[in-house]
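Undergrad: All chains should be built: construct the whole structure from the sequences, respecting the hints.
Protein chains in written order, with the working numbering: chain A, 1 to 663; chain B, 1 to 215; chain C, 1 to 308.
These aren't lab readings, by the way, just hints derived from the structure by calculation. Backbone N, C-alpha and C define an ideal beta-carbon position, used for all residues, glycine too. Be a bit skeptical, because a hint or two may be false.
[Unchecked claim] On the chain A side, residues computed to face chain C include the following (Cβ under 10 Å):
1. F522
2. V549
3. V610
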Amino acid sequence: MELFLLSLGILTASGLLVLLLGSFRTLCHWIFSASLTLACGLIIFVAFLFLRSDGTANFRAPWPVPFGEFSVGLDPLSAFFLITIACVALASGIYGCAYLHSYHGKKNLGVHYFFYLWLIASLVLVVTAKNAILFLVAWEFMAIFAYFLLTFYDEKRSVRRAGQLYLIATHCGTFCLFVMFALMGSSAGSMDFDQMALTHYGPVLTAVLFTLGLIGFGVKAGFFPVHIWLPHAHPAAPSHISALFSGFLIKTGIYGLLRIIFIIKDLPAWSGPVVLVIGAVSGVLGVLYALGQHEIKRLLAYHSIENIGIITLGIGMGLLGNATHHETIALIGYSGALLHVLNHAIFKCLLFLSAGSVIRSTGTGDIDEMGGLLKFLPFTGHLFLIGSLSICGLPLFNGFVSEWLVFRSLFDGVVHLDKFGIILAVMSLVSLALIGGLAAICFAKAFGVIFLGQNRSHANGVYKENPWMMWVPMAFLAVICVWIGLFPKTMVSFSLTSAASFISKEIIPAEMDSLLQPISFFTKVFGVFFLVLSLLILLRFFLIKRYPVRLIGTWACGYELLAPRMQYTASSFAEPILHLFKRVVCFKVHRSEMPLTDFPKELALSSKVVDAPEHFIFSPILVLLKKISRVMLKLQSGYIPQYLFYILFALVALLLWKFPWGK
Amino acid sequence: MMTSIWLDMALAVIVILAICLLGTSRLGSIVALFAFQSSILAAVPFLLGGEIGIHKLVITIGTLLVKVIFIPYMLLWAVRHVSIRRDSPGILGVSTSLLLGGLLIALSFFLSSKLVLSGKTFSGLLIPSAFSTLFIGFLLLISRTKAITQVVGYLVMENGIFLFALLLFETTPLLVELGIFLDIFVGVFVMGIIMNHIQNEFDHMDTSQLKSLKE
Amino acid sequence: MILVVSVLLRFVACLLFSPFLLGVIGKTKAFFAGKKGPPLLQPYYDIVKLLQKSGVYSLTTTWIFRAAPLISMSAVLIASFLIPFGDFKAPVQFWGDVILFAYLFGLARFFTVLAALDTGSSFEGMGANREIVFSCLSEVVLFLNFTVLVVLSKSFSLSQMIGDRSWASWTAVGPSLILVIVSYFMILLVENSRIPIDDPATHLELTMIHEVMVLDHGGPDYAFILHASAIKLFVLGSFFVTLLIPFQSHSLVINAAIFFAGMTGLAVVIGIVESVRARLRMNRIPSFITGAFVLALFGLIIALARAS
Numbered sequence: 001m002e003l004f005l006l007s008l009g010i011l012t013a014s015g016l017l018v019l020l021l022g023s024f025r026t027l028c029h030w031i032f033s034a035s036l037t038l039a040c041g042l043i044i045f046v047a048f049l050f051l052r053s054d055g056t057a058n059f060r061a062p063w064p065v066p067f068g069e070f071s072v073g074l075d076p077l078s079a080f081f082l083i084t085i086a087c088v089a090l091a092s093g094i095y096g097c098a099y100l101h102s103y104h105g106k107k108n109l110g111v112h113y114f115f116y117l118w119l120i121a122s123l124v125l126v127v128t129a130k131n132a133i134l135f136l137v138a139w140e141f142m143a144i145f146a147y148f149l150l151t152f153y154d155e156k157r158s159v160r161r162a163g164q165l166y167l168i169a170t171h172c173g174t175f176c177l178f179v180m181f182a183l184m185g186s187s188a189g190s191m192d193f194d195q196m197a198l199t200h201y202g203p204v205l206t207a208v209l210f211t212l213g214l215i216g217f218g219v220k221a222g223f224f225p226v227h228i229w230l231p232h233a234h235p236a237a238p239s240h241i242s243a244l245f246s247g248f249l250i251k252t253g254i255y256g257l258l259r260i261i262f263i264i265k266d267l268p269a270w271s272g273p274v275v276l277v278i279g280a281v282s283g284v285l286g287v288l289y290a291l292g293q294h295e296i297k298r299l300l301a302y303h304s305i306e307n308i309g310i311i312t313l314g315i316g317m318g319l320l321g322n323a324t325h326h327e328t329i330a331l332i333g334y335s336g337a338l339l340h341v342l343n344h345a346i347f348k349c350l351l352f353l354s355a356g357s358v359i360r361s362t363g364t365g366d367i368d369e370m371g372g373l374l375k376f377l378p379f380t381g382h383l384f385l386i387g388s389l390s391i392c393g394l395p396l397f398n399g400f401v402s403e404w405l406v407f408r409s410l411f412d413g414v415v416h417l418d419k420f421g422i423i424l425a426v427m428s429l430v431s432l433a434l435i436g437g438l439a440a441i442c443f444a445k446a447f448g449v450i451f452l453g454q455n456r457s458h459a460n461g462v463y464k465e466n467p468w469m470m471w472v473p474m475a476f477l478a479v480i481c482v483w484i485g486l487f488p489k490t491m492v493s494f495s496l497t498s499a500a501s502f503i504s505k506e507i508i509p510a511e512m513d514s515l516l517q518p519i520s521f522f523t524k525v526f527g528v529f530f531l532v533l534s535l536l537i538l539l540r541f542f543l544i545k546r547y548p549v550r551l552i553g554t555w556a557c558g559y560e561l562l563a564p565r566m567q568y569t570a571s572s573f574a575e576p577i578l579h580l581f582k583r584v585v586c587f588k589v590h591r592s593e594m595p596l597t598d599f600p601k602e603l604a605l606s607s608k609v610v611d612a613p614e615h616f617i618f619s620p621i622l623v624l625l626k627k628i629s630r631v632m633l634k635l636q637s638g639y640i641p642q643y644l645f646y647i648l649f650a651l652v653a654l655l656l657w658k659f660p661w662g663k
Numbered sequence: 001m002m003t004s005i006w007l008d009m010a011l012a013v014i015v016i017l018a019i020c021l022l023g024t025s026r027l028g029s030i031v032a033l034f035a036f037q038s039s040i041l042a043a044v045p046f047l048l049g050g051e052i053g054i055h056k057l058v059i060t061i062g063t064l065l066v067k068v069i070f071i072p073y074m075l076l077w078a079v080r081h082v083s084i085r086r087d088s089p090g091i092l093g094v095s096t097s098l099l100l101g102g103l104l105i106a107l108s109f110f111l112s113s114k115l116v117l118s119g120k121t122f123s124g125l126l127i128p129s130a131f132s133t134l135f136i137g138f139l140l141l142i143s144r145t146k147a148i149t150q151v152v153g154y155l156v157m158e159n160g161i162f163l164f165a166l167l168l169f170e171t172t173p174l175l176v177e178l179g180i181f182l183d184i185f186v187g188v189f190v191m192g193i194i195m196n197h198i199q200n201e202f203d204h205m206d207t208s209q210l211k212s213l214k215e
Numbered sequence: 001m002i003l004v005v006s007v008l009l010r011f012v013a014c015l016l017f018s019p020f021l022l023g024v025i026g027k028t029k030a031f032f033a034g035k036k037g038p039p040l041l042q043p044y045y046d047i048v049k050l051l052q053k054s055g056v057y058s059l060t061t062t063w064i065f066r067a068a069p070l071i072s073m074s075a076v077l078i079a080s081f082l083i084p085f086g087d088f089k090a091p092v093q094f095w096g097d098v099i100l101f102a103y104l105f106g107l108a109r110f111f112t113v114l115a116a117l118d119t120g121s122s123f124e125g126m127g128a129n130r131e132i133v134f135s136c137l138s139e140v141v142l143f144l145n146f147t148v149l150v151v152l153s154k155s156f157s158l159s160q161m162i163g164d165r166s167w168a169s170w171t172a173v174g175p176s177l178i179l180v181i182v183s184y185f186m187i188l189l190v191e192n193s194r195i196p197i198d199d200p201a202t203h204l205e206l207t208m209i210h211e212v213m214v215l216d217h218g219g220p221d222y223a224f225i226l227h228a229s230a231i232k233l234f235v236l237g238s239f240f241v242t243l244l245i246p247f248q249s250h251s252l253v254i255n256a257a258i259f260f261a262g263m264t265g266l267a268v269v270i271g272i273v274e275s276v277r278a279r280l281r282m283n284r285i286p287s288f289i290t291g292a293f294v295l296a297l298f299g300l301i302i303a304l305a306r307a308s
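TA: Laid out in structure tokens, this is it:
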């Protein structure tokens, strides 16, 4: 616990230090990276140590805020999230140093580093706070610091707008959380999480609390209809900040949801089905919207919604299993969700960082302007490939392990649950299978169009690989991806432990072994896979060696030559599948009028996917709000006597209200 | 027990054929699929078990004559006559109507699980498949534009009703059944005449064009 | 030790027997067309001949283009370890191996698609796109088929789902089993790009799916691709055959004979389907897969109705 507090101290102190030393560039730079590495290393160490032993660690200090207490504590759930934060924060922080190198002198990076370090500190506080007030304060700090990091390119109008949208969305969510914690606290008589967990809430109150929590945390996590801030915020931020956003910030929503599930305990019967439906809808629609994007970071942002959907499916199975007293289903569902939190954080961070590296090299984020970059950016390209394989949930990589756990809990649900449960499980199964397939399409598109083939841009330049400070953090993440993918046992057992403590269940070692037994088969199967693969490689090597290899252009199917413009673009790759789902995602194709001459000069064709909730729900609300505000604006005329009149009015109203009318 | 499994199989095949009908757009295949479905339907009374009486024989032979031979023959004649080979799915695409069909099957199983019947039901699949066939016939009627497919849709619906009627098999007098046959016969006959007239008047059989008649 | 031997035997069976299936399909089609057709062993000759050729590579390509055939071949070979061949139990079986089984094919496909995009050819981009779109849809149906089998067998391991048939007396679960089998057969055709989905023998690139995707591969690489697709047919087909024929015999030789006869029978059936059906228009294929989906759904509903 002392080490943990020490790391918090390092983060805050060095944050202040870099703020003060902002003008000394190199020094500031080194302090930032050193303190970040140290603090994250400490956090990982503490969390691992904690997960290996069992027990709890708490720290309390009085705090003058009403009902508040500076009470932080580790439990398996927090420890699991701490590992995630530390990995993501470390990689994207170091990467950020190099990424922002060209901004030295133009902007005060000391301020940026300060916000970064304090954001990490507040994230750490969010997942370890044991007191509702402390939690809310950390939550609010997190939102504010994230806003400042997000609006790094504040000279751009679109960035400022994205920042505003984020701020509005997150505060709408926070409002729900305030109400929720106030209700909880007033019925528990304390703002302490442990006290709250012991309290029994009535059925109506439980339903209200759960709904509020679902909305409040759902906005942060990016559940389907309230996800609209995500696709705007991610492309606006610098890449390492998008990585942090997608990697961890949205997971705080998941953490909060899990925490209140843990606290409330006797959840209403509809909670499991509702969460499953939210998960299925977010997953499928997230990936479908992602398919329609041709801007790389927007595409990745929609994929975050998809992965949040997968995590939510796991949580839904956990809820359903708990409600029907099938502990194994609940255990595997929750542990799948937890592991996917970690996995998604790792590979999405990796993908965002490599996307940033691509953008930095090419100067554009438009996929259709890229192509053939694997030759120019070998490190970035291969790391992006590892990330894509992981996010598609393909075997050998970490995404597969957590998706397997979620699949397994769903299939267990099919075997053990009653009929209604089976229908839900089958629905989720079908959507999860669909998500897997669609994600494969989307990343075949992304990787294929960006890194393979010929370059499509008109500039036809030569691109340079980025400095090692950028790809080493990415390689670190990629190694974790492969490690969890090939040797999943450690992390799966950690996630099982966390999930077990979460549903207050003791796992005996024998049960743990039986749960881990299929996982241990993975390693063996993959071992055989590599054996077979290396044999085949040897065989091919000897076969190819006999004759000299000829290198010529790609066969053009009888035409003279292939031009880069003839390649399949991202839009054309996504068109067939989007056409199939056009009623679901509002897919529209615009084509320019064909001129009625014999030799048409130029034709244009573009396709786009309209984000339905944004256009059909939130934009109308915004228009309405603007109308109302215009009316309200009349109250603020800037005319002093009018304000004096308001004061008088308020005074009289208060007097009339509180006046001791003769009894 | 052996009869029950064959009955279940036959019922499943009847619903599968109805699904196939939803997925087919070639008019000839549609008629052929319908004839096949009806021929299996004709066998169902024997699969119910019990002794083979004159009642069953009449029903089976009647079904075979009317639905397997006469109506398909007439429809095929119409197909040749009007020289249209394909039906185009209307507002709903093929995939959508297939998925809707799947949903309707689920709905019919749900409905029949809620339905309480006093009599003998022979098989747990009988009522759901009757409902499914009925619904899918209706869907066919809605989702297609050509008159011939609509006639087939109507007939598939009728097949569903026939399956229902099997529940009351032992209590319905033969006369009623024969009346139903006569009904279909006349119905199809009238439709044939109407089809012929649409053909003559408008030079095609697309009923969606009929809306141009409204003021 | 026994495990190693059985794994090796499987390996050999897969490698040796799978091209034979393609030969049988070709012979059946020739028979229906009233022709003599290529010899049964033609696929073997093709593969051996291709293995002896030299490599030709496009300048656009990277290592992915060269590695994809090997990766997809190893993935389908590994998938064969998870599935029982008739009465021969799978050497690797665990609770939840179905998902690994399905995703190994996903891995193979992903790399093949990337290799196609690697060439930068518009035709191969088109083929890659079609392949991955249709397989995305068919994967959903495949999982639904698995679900029906899970409901019926109350087990979640391939060997018990299809190999151990104590749950599946035809009298009890006949209708759902028939539906699963029909639906699975349709998916088998989609996954292996056979008529009515894709015509492996067509000569116009615009109408192809799988073949156009591997246009640029040649020499040993193309041999690996051909062989891998044959093995894929073998592995997915053995799922079908194992499900369809419950084995009773205690003799190893008879079991093996029945299994291989079953596989040959499957190849003949595919050949017949290919002979009597025309291939579908490209935009009708999703409807075909939807049809398979609805059949599997119907099977699931019946299975659930039975369960209560």
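Undergrad: Have a go at the V549 (chain A) hint: is there a Cβ in chain C nearer than 10 Å to its own Cβ?
TA: holds, 5 Å
Undergrad: Quick check on V610 (chain A) please, does its C-beta sit within 10 Å of some C-beta on chain C?
TA: violated, 21 Å
Undergrad: Is the interface hint for F522 (chain A) satisfied, with its Cβ closer than 10 Å to some Cβ of chain C?
TA: Cβ of F522 (chain A) sits 7 Å from chain C, so the hint holds.
Figure legend: structure checked against the earlier numbered hints; the only hint not met is number 3.
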